[in-house]
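Take these sequences, add in the hints, and give me the full structure.
Protein chains: 2
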Amino acid sequence: MRDVAVIGVGLSEWGELWKRSLREIFVDAASAAIADAGVDRIDSMYVGCMSGGLFVGQEHLASLLSDYLGVASIPACRVESACASGGVAFRQGYIEVASGMNDVVLVGGVEKMTDVGGDGATYALATAADQEYEVYHGVTFPGLYAMMANEHMSRFGTTREQLAHVAVKNHRHGAMNPKAQYPFEVTVEGVLKSVLVADPLRILDCSPITDGAAAAVLCPLDMAKKLSKKPIVRVVGSGHSTDSIALHDREDLTELAATKRAAEKAYKMAEVGPAEISFAEVHDCFTIAEICVIEALGLVERGKGGTAAESGLTALGGRIPVNTSGGLKSKGHPVGCTGIAQIVELTEQLRGESGKRQVKGAKRGLAQNMGGTGGSTTVHILEVE
Amino acid sequence: MRDVAVIGVGLSEWGELWKRSLREIFVDAASAAIADAGVDRIDSMYVGCMSGGLFVGQEHLASLLSDYLGVASIPACRVESACASGGVAFRQGYIEVASGMNDVVLVGGVEKMTDVGGDGATYALATAADQEYEVYHGVTFPGLYAMMANEHMSRFGTTREQLAHVAVKNHRHGAMNPKAQYPFEVTVEGVLKSVLVADPLRILDCSPITDGAAAAVLCPLDMAKKLSKKPIVRVVGSGHSTDSIALHDREDLTELAATKRAAEKAYKMAEVGPAEISFAEVHDCFTIAEICVIEALGLVERGKGGTAAESGLTALGGRIPVNTSGGLKSKGHPVGCTGIAQIVELTEQLRGESGKRQVKGAKRGLAQNMGGTGGSTTVHILEVE
Chain E
1 MRDVAVIGVG LSEWGELWKR SLREIFVDAA SAAIADAGVD RIDSMYVGCM
51 SGGLFVGQEH LASLLSDYLG VASIPACRVE SACASGGVAF RQGYIEVASG
101 MNDVVLVGGV EKMTDVGGDG ATYALATAAD QEYEVYHGVT FPGLYAMMAN
151 EHMSRFGTTR EQLAHVAVKN HRHGAMNPKA QYPFEVTVEG VLKSVLVADP
201 LRILDCSPIT DGAAAAVLCP LDMAKKLSKK PIVRVVGSGH STDSIALHDR
251 EDLTELAATK RAAEKAYKMA EVGPAEISFA EVHDCFTIAE ICVIEALGLV
301 ERGKGGTAAE SGLTALGGRI PVNTSGGLKS KGHPVGCTGI AQIVELTEQL
351 RGESGKRQVK GAKRGLAQNM GGTGGSTTVH ILEVE
Chain C
1 MRDVAVIGVG LSEWGELWKR SLREIFVDAA SAAIADAGVD RIDSMYVGCM
51 SGGLFVGQEH LASLLSDYLG VASIPACRVE SACASGGVAF RQGYIEVASG
101 MNDVVLVGGV EKMTDVGGDG ATYALATAAD QEYEVYHGVT FPGLYAMMAN
151 EHMSRFGTTR EQLAHVAVKN HRHGAMNPKA QYPFEVTVEG VLKSVLVADP
201 LRILDCSPIT DGAAAAVLCP LDMAKKLSKK PIVRVVGSGH STDSIALHDR
251 EDLTELAATK RAAEKAYKMA EVGPAEISFA EVHDCFTIAE ICVIEALGLV
301 ERGKGGTAAE SGLTALGGRI PVNTSGGLKS KGHPVGCTGI AQIVELTEQL
351 RGESGKRQVK GAKRGLAQNM GGTGGSTTVH ILEVE
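Protein sequence lines, in the order shown, are assigned to chains E and C. Under the working numbering, the residue at position 329 of the first sequence is numbered 329, and the numbers go up by one with no gaps. Under the working numbering, the residue at position 245 of the second sequence is numbered 245, and the numbers go up by one with no gaps.
These are computed hints drawn from the structure, not numbers from a lab. Every clue listed holds true.
It does not matter which identical chain is meant; a pair holds if it fits inside one copy or across any two.
List time: in silico EDC-like cross-link candidates among lysine to aspartate or glutamate, alpha-carbon distance up to 20 Å:
| no. | residue 1 | residue 2 |
| --- | --- | --- |
| 1 | LYS268 | ASP103 |
| 2 | LYS265 | ASP43 |
| 3 | LYS19 | GLU132 |
| 4 | LYS225 | ASP40 |
| 5 | LYS268 | ASP43 |
| 6 | LYS265 | ASP103 |
| 7 | LYS265 | GLU276 |
| 8 | LYS193 | GLU161 |
| 9 | LYS363 | GLU353 |
Below is the structure:
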């Protein structure tokens, strides 16, 4: 397999973009990534999108988006793995470049979520859970993650305040990100007093509904060295794993087994361990998710995830900064796009382009992206040469 | 890139399966393919599905289906490219094995279309066209293909009877296929007298709405030679291309440019031309589609597609048998599954397992699968060693 580099990244505007269509925001992000890469061609394309069908009544994004990007004729493919669609798109692009099938591969993610309103979005998102055995019985995602939170609190003594600290940290980071959907700070008291969604989770424990797109350009490492004037960011690890889709089928509600397995593969491939990761972007769709994820990644010990944000360990300036972009919580969570947006943050951090939220001496970043309650997960490790 | 072989194939029951769920029929097909391959493990999986969201309210099939197949923990990914989803899933599996990332890769396709009824299915299928510039203005797929048919008739003198001959031929083939949804023969008169759908297309020019699943197991050629007791079927060519999603953006309504480009790539890779293909499975979602496709593949001259079925050229026993399985027309068209079902037919023909519809001396088969009105296309060439 060939070595692969990320040579360009880009984001569209993020937020409630009622005047812009899915194809427009995708082209914004893709054009930005192509310009950043400085390439004059795209050989192949992958697009992560969770549900074009339910959110905007449009499938066949491979054709639509290659067409509107002006590259119709190339091989293009939409991939879906619920909220891990972006991570999976990145992995497919990585495999294609590594295989030698094509050289310059665009990987993008897009979701236009706000057109269907709150009920429509809740229905569409619930299709990431097991419809027949979970959703038809009344549970949606805040309820599922609430069960994980209650179990973590009861078993490991994680406190309600510790959950809040995850939101406080990520909003503090997001306030330094000009692209964030909610670039304001929140307080522990603010989180605790916000509207209850599914006990113990409150509205400020939840990531928002977001319209947005992100893109990255991949190519062989050798080509990147010739082509790029920027620091070379290399893909050194890729892991992908699945787990039972229904939460009730898991042996342990608080252990994200797919994340654990995907991380093991990525670490092994990169020949590093958790201690050698400079910073990470992880899937904080709910505050409890970040806590379970950093445990599964081995960034903290099992059961100790609750104290990480509270103690400053995962804050900018801490031992292992997590979600410097603001995470899904503050930056926003256009579901199929999130995994690629994490790669954008990793790449900019590794190149030293993150301004106020720059991680000093960032050498190696990890991105973890998951679907549903962890039924599918990708982990990627990027390193600056 | 490593050489890749198909070592197992399987189909579920096809038809209007109101008592069976998407997960069940997928597991049927995948289990059959795994048993046929004789493997004791699956390293990775791709599933083609056009719209789990709109047809059954279920996305995140990577997690759901790896879970219900009993292999949750492996990397699994759903791919979508409308009715070309199966072909794209096959290509992704091929690239993954060729890359060296994993060895034993299951590629499947599934669609459960009948649960939403006719209107629901028409809406879901229309999401393969450009919603904003085509569908919102009232056109659906029979209307789009009718425009292609009218143009082909007016430009090349193709007759209404010649369209009917495509249906007659494919139903004659399908009548020999125990798996076909509509295994009955039709006559030219029967087609011409059937209900008008979109002038000139009648109901017997259209492929049906089908529930069904198909699967294939891929592995490196070297491993297949050690493992398999059956004739070794090798993937010798893979092409994938896109075109404008909206029909009105094409320079020529009757030329399937994406099919032409995908075929050129596949022929080049296989180092063969159209004359060296023994038989083909092509995307006859409407009778006119088969006519345009065989022209784009170079199996017949441009403008001569209309006479091919009428003259017997593309019938079993003809120079280049097309759709020996019965095609989408008679075998059925579970949209995201079709591309994999074509691979099943190719593999069985190449192994000499096709019974009454066996192509004598079948050495090299071609599968062409397309989305929308040809906005995305895959072409694969398989060869028996």
